[in-house]
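Undergrad: Construct the complete structure from the given sequences, taking the supplied hints into account.
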Amino acid sequence: MDMAHVASHGKLLLQRLHEQREMDFLCDITIMVRDVEFRAHRNILAAFSKYFSSQAEKGQEITTLDPEKVSRYALEKLLEFIYTGQMNLSRYVCEALMTVQTS
3 MDMAHVASHG KLLLQRLHEQ REMDFLCDIT IMVRDVEFRA HRNILAAFSK
53 YFSSQAEKGQ EITTLDPEKV SRYALEKLLE FIYTGQMNLS RYVCEALMTV
103 QTS
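Counting with the numbering used here, you get residues 3 to 105 for the letters of the sequence shown.
Each hint should be verified, as a subset may be incorrect.
[Claimed, not checked] Listed below are the simulated DSS-like cross-link pairs for lysine-lysine, each with C-alpha atoms no more than 30 Å apart in a straight line:
{"#": "1", "residue 1": "K52", "residue 2": "K71"}
{"#": "2", "residue 1": "K71", "residue 2": "K60"}
{"#": "3", "residue 1": "K52", "residue 2": "K13"}
Treat the hints as calculated values from the structure; they're not laboratory data.
TA: Here it is in structure tokens:
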């Protein structure tokens, strides 16, 4: 087995899942913050987050987040990280994500 292919497998998988999310292909959960909808894959979110895992177990197709606890911007950045493994760590992003973590 060629290890170069194995090493790139995860990166390729993330890239394809990110592309699918951008096209709303096979997305099966909607996350609402105020009046903004974010579409995603329930299994990807559940693998990354205990909160989303519990929502998946309940069969939730739409999850509404409290905008006092999670901003649209923070959720956008969190989804970006989940699907790409990359994040711009500006101070504002860190502060926004801390609110998500403690919610």
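Undergrad: Now look at each hint and say whether the structure bears it out.
TA: Hint by hint, here is what the structure shows:
| no. | hint | verdict |
| --- | --- | --- |
| 1 | K52 / K71 | 17 Å, holds |
| 2 | K71 / K60 | 22 Å, holds |
| 3 | K52 / K13 | 23 Å, holds |
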